[in-house]
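Positions in the sequence shown are counted from 1; adding 266 to them yields my numbering.
Keep in mind that a hint or two might mislead.
In silico DSSO-like pairs for lysine-lysine, Cα to Cα no more than 30 Å straight-line [what the hints assert, rightly or not]: (1) Lys629 - Lys729; (2) Lys424 - Lys391; (3) Lys633 - Lys688; (4) Lys633 - Lys370; (5) Lys713 - Lys507; (6) Lys311 - Lys344; (7) Lys633 - Lys479; (8) Lys549 - Lys376; (9) Lys696 - Lys729; (10) Lys381 - Lys424; (11) Lys629 - Lys688; (12) Lys391 - Lys376; (13) Lys347 - Lys311; (14) Lys688 - Lys727; (15) Lys291 - Lys649.
Quick caveat, the hints were computed from the structure, so don't treat them as lab data.
Everything numeric in this text was worked out from a predicted model, so none of it was measured.
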Amino acid sequence: MKILILGILSLLCLTTLDLYGQSNKYFTSAGRKIDVNSFDADIRKMIEEMGVPAVSLAVINNNEIVYSNTYGVKSTSKNNKANKNTVFESCSLGKSFLVFVVLKMAEEGKLDLDKPVFEYLPNQKLEHDPRYKLITPRMIISHTSGLENWQRYNDENKLEILKTPGEAFTYSGEGINYLAAAIEAILGRSYAEYVNDMIIGPLDLDRTFLNFKSHAIIPFSKGTPSNFATGHNSFAEEFTKFRNSEPIAAGGINQTAEDYAKLFLATFDGDFLSEDIRQEILKPAIYFDDSTRYMGHGYAVLLYENDTIISFSGNNRGYKGEILYSTISKNGFVFFSNSDRGKLMTSQLNSMSARLPLGSYFKGYFKQYPSKAIQLLQVYREKSSESMFKHIAKMHESGKIDEDTMNELGDVFLYHDLTISKNILEMSIKWYPNSATAYCLMGHAYKQSDDTSRSYKYFLKAKALGFDLWNIDRYIQEYENSQASR
């Protein structure tokens, strides 16, 4: 009898262990049972082909984090492996911390979303423009304040309001930092203190760091991160890591994708914010280029026939990240990468996990993985520029290369090897004489080599062909002004 009982207990233990093992071998996303080993292998293959050193990923299914992992190396020069505790620059996704605080304070009656921010905290840098007294917290978190992104981008001696507050989309890190300071004035506590108290502590964000300076007096402060990923350019060449000694609300947070996913779910799952205040996020503040994409309060919103997708991106030098989430299925994913080309994996990660109906979300001439440009850049990295050009020629002869591929390559090499960039763009213009993008990029190439006359001619040609991906009028005007002043 004793032997029988022991046998049954052993069987139960083995069954429990097997079930536990199964839970680690699979996860569910978008109604599919996904094998972890295959999933991880596909991601490792993708980042190797793309030349992306590392990525931190979290998958959301039915408002739960069902899987998270980190792949690759933190630094190509040291070749040190990243792990689940490695933190990445969350870039502009770090703005979500302030958005959460703003919504929570509005819910508690501590902040009026429509009260001018200057009434909470005057801003001497903006007093030269009376329009600054129109700016509200709602405008700042929806990026309609009119404030420039960063003061250094225009007149470095003056913080400028580029558009009338409330009338246009003007992405602004300066606005976020101003609002963060206003909340400091309201609460009488520093940004680090209130973010730790309201978010990092309650949500147990163990792998989230506001800066690289220890604040022992602040509860939940963990010191400075030592396990962090270094940023890289499109050729996996390392940048010097920016280590902010003080918190920067607009983009100074280092964390894992899993920690960000915890914050995101706390914003949307109903446990921390009321339904009324969460609906504020989905209210349109300003539409983009059509009626299917608008900026809500803290996040961009994409409207599809059967779904509503929330998104936001992060773009720092050497780091890229993204959150995509369905308000209908409650599925999504977030990732951080330590590469300038990291966002080109977004479509593939979506196909592998949440399978959101993103439609025309991916616009422009940079194509998502897998792409011909990615293949050609892999040839360049692993062999030589000569081999890459031979591949380009063969692909052209067989009709297997397109205008977008050539322009993407010309763009990628623009600040890496100007000679290669010009050669590629010359081929693009020869093969696709009506390519406005090729002419525009060539204008940038000659501008970079200080041949302003040629640069001007290429910009004019690009404009005549209808180039509209970004504003090139200022380059044309700049040259014309220089000639008029002679």
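Task: Numbers of the earlier hints that this structure fails to satisfy, in rising order - done: 4, 7 and 15
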